[in-house]
Amino acid sequence: MTELLVVRDLAVSYRGVPAVRGVDLSVRSGQTLAVVGESGSGKSTTAHAVIGLLPRGGRVDGGSITFAGQELTKLSERRWREVRGSEIALIPQDPAVALDPVKRVGDQVAETLLIHHLESKRSAPAAAAELLRRAGIDDPERRARQYPHELSGGLRQRVLIAAALAGRPKLIIADEPTSALDVTVQRRILDHLEQLAAEENLALLLITHDLGVAADRSDEIAVMSQGRVVEHAPSRTLLAAPAHAYTRQLLSAAPSLATEPLRARRDTGEPLVSVTGLSKDFGPVRAVDDVSFTVAKGQTLALVGESGSGKSTTARMLLRLETPTSGTVIFDGEDITAARGERLRLLRRRMQLIYQNPYASLNPKLSIADIVTEPLRAFKSGTRKDAAALLDQVALPSAMLKRKPAELSGGQRQRVAIARALSLRPDLVVCDEPVSALDVSVQAQILELLVRLQEQLGLAYLFISHDLAVVRQIADHVGVLRAGKLVEYGTAEEVLHRPRHEYTRELLTAVPGRLERAA
Amino acid sequence: MAELIAVRTGFVLRRPGLVLATLVLLLVLAWALAPGLFTHYDPLSGVPRQKLQAPSAAHLFGTDETGRDVFARVVHGAGLSLRAAVSAVLISLVAGSALGLIAGARGGWLDAVLMRFMDVLLAVPPILLSLALVTGLGFGTTKVAIAVGVANVANFARLMRAEVLRVRTGVYVEAARAGGVRWYGVLTRHILPNAAGPVLVLAVLTFGTAVLEISALSFLGYGAAPPTPEWGSLVAGGRSYLASAWWMTTLPGLVIAAVVLSANRISRALEGERHD
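Protein chains in written order, with the working numbering: chain H, 1 to 519; chain G, 1001 to 1276.
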């Protein structure tokens, strides 16, 4: 079979800084090629060059992109508009921002049809509804009249898929199509996309950071690092016998492909915090409903659930950043449910929080030294001089002390946040999705760091995550939350290997990377 | 370092208007600090023989009806006019920011009461409010400055409150609270520095309008008592001679206009840099 898209020796730079160098790729009709890499590896830049939508400042310096025999790099803007949508379509990354908030979704899908003169003004709405139906949306006529904010993340992603299919393209580029979605939704979307591609004999270029997703969904995988393709092979070969050192590093870091916990699991211990019958109402909505669990000293309890399941709210009530509507929180034998003022502030010394997004949780105006020692100074138990020792604990050089957060990478920032949380030697650290904003290899480093610190300092962790693959590596006990209710709670061994609840089983099967191992 | 200077030079060369605006403000500031360096004429006593002369090399801005050099009066008036404008801005900046900070950070009924009061202030045209205040306070440059400052408090309070509301929900603010930092620490170290940017831009912008408003009030006769030179009263003083001696109103008026435009240009540059 002939190649549909051939990229040869592609070079792209941003204002003279090379982003992509000497990239060769090819995709056939009916085939899925996954391009895997971490942020900054050039995978999205390659994808955007293929559809001629490089961001401002981006320039193709050399190489060729041929699509169905036609050279794309020399096209005029006018010719590009004919190719985009009708020959090559893009499913963008973030469904929250990729749709126009003031237009009905049906009109947005119909726009492609009208631009390429595939339908008349009169027939377009019905055609758009049909496309929405094919993208897996129930009751498409009603949905077509809704605005993006009325739809969930999964539905919005389906709308984007419908819009991509509208022009009957031969190649679809999916740029991290599901990384903003929950795992169960992610699986349904990817299943559907795969099925559509098979029906229409489409070529699919799947851009992803998740080697697990790539392993499940693609025929071939190209691994990119620092603007180059370091390895390109059929998926099964690549996973079974990775040739390049970087691929091996990615494989060992990918949580979805690892099965062993990072340390031996512990079953029993002295309780540190226990919550009973915890509930929280936001207006008429019950966000958390009658949740009870215990975190033991030196152990990790993971709370798992999808977005909106109430896991973060539960953690915030335990830390008393929210006040529970009902229920009690007992910390080290003391009822802290009604603690306030100075008593609550003194409690903060013993329980700390690490946030999901290290880009938002550090004050951009302060130096790293100020940030990590702030809790110490608040309790007058240390000064800025202690900052170097705190950074050393999280394996950061003391040269960073004078820098501002903006000068650090995501992984370094998360280390700073961990150093800050540990500065007061707390007994309990709540980790709210501490690795989900980070690249996989950085994720692995941070998880190892957390486990090492737990061993050294005897910390108890309450670990909030949507990712069962991560939980599998570090948890001693697991609680599964759904719509505010704790549907399953037990040791990690039981919950992850012998799940009793239907929903837990569904979550487990949705973890990417599973299909390949089962095969 | 050389690279940095090259970058800076490029930045400046591409913005001639900004350079000009900075030069204008620096010049006016120099007038205010050392008026003797720029003119050797006495601003108060004139030479009657040289009255109502048109602008020339000897008298850059011409002379007035008693033979005083208009340029000398503008230069000597700069100190008083600028001091009034700066105090007006400081009053509105400090009072407005404090009120906005309290309203935004505390929330609840206090927020509602303060902001409804600010709405009332905003509903009255600022010049009318200043007039009413200065009538109550009495005449004089300081009192005019207070009146203009108070009339602008509401703008600062609103902007500061909006910024505080934005910053307050930030994760790092909650992180500080979860780290056991006391409320005033959170307010001064986390909320205030991150909310202050747009407010400072507004302060520079207000400096321009304050010069204008103070000039307007002294034009109406509420400012400095004659013969003390002050920009607004200079414009007012030349009014009767507009037909025969245009320079007496026009040239001091143009100086006021140049200062206002320069302040606007600089505040726009400050705002832009925040977004870069």
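In case anyone wonders, no lab produced these hints; they're calculated from the structure.
Glycine included, C-beta positions come from ideal geometry on N, C-alpha and C.
Keep in mind that a hint or two might mislead.
[Stated by the list, open to error] Per the computed footprint, the stretches of chain G lying under chain H, defined by three or more beta-carbons under 8 Å from a beta-carbon of chain H, are:
hint: 1; segment: 1162-1172
hint: 2; segment: 1262-1268
[To be verified] Distance windows between CB atoms, simulated:
hint: 3; chain 1: H; residue 1: PHE379; chain 2: G; residue 2: LEU1026; range: 45 to 55 Å
hint: 4; chain 1: H; residue 1: ASP138; chain 2: G; residue 2: VAL1120; range: 46 to 56 Å
hint: 5; chain 1: G; residue 1: VAL1086; chain 2: H; residue 2: THR323; range: 45 to 55 Å
hint: 6; chain 1: G; residue 1: GLY1036; chain 2: H; residue 2: PHE379; range: 53 to 63 Å
hint: 7; chain 1: H; residue 1: PRO364; chain 2: G; residue 2: LEU1052; range: 21 to 31 Å
hint: 8; chain 1: G; residue 1: PRO1198; chain 2: H; residue 2: ASP335; range: 24 to 34 Å
hint: 9; chain 1: G; residue 1: GLY1107; chain 2: H; residue 2: ASP335; range: 23 to 33 Å
hint: 10; chain 1: G; residue 1: ALA1112; chain 2: H; residue 2: GLU494; range: 29 to 39 Å
hint: 11; chain 1: H; residue 1: ARG340; chain 2: G; residue 2: ARG1116; range: 51 to 61 Å
hint: 12; chain 1: H; residue 1: VAL17; chain 2: G; residue 2: GLY1185; range: 55 to 65 Å
hint: 13; chain 1: G; residue 1: GLY1107; chain 2: H; residue 2: PRO284; range: 43 to 53 Å
hint: 14; chain 1: G; residue 1: GLY1185; chain 2: H; residue 2: ASP219; range: 28 to 38 Å
hint: 15; chain 1: H; residue 1: VAL17; chain 2: G; residue 2: VAL1120; range: 20 to 30 Å
Next on the checklist: Tell me the numbers of any earlier hints that the structure contravenes, in ascending order.
Outcome noted: Those not satisfied are hints 2, 7, 8, 10, 11, 12, 13, 14, 15.
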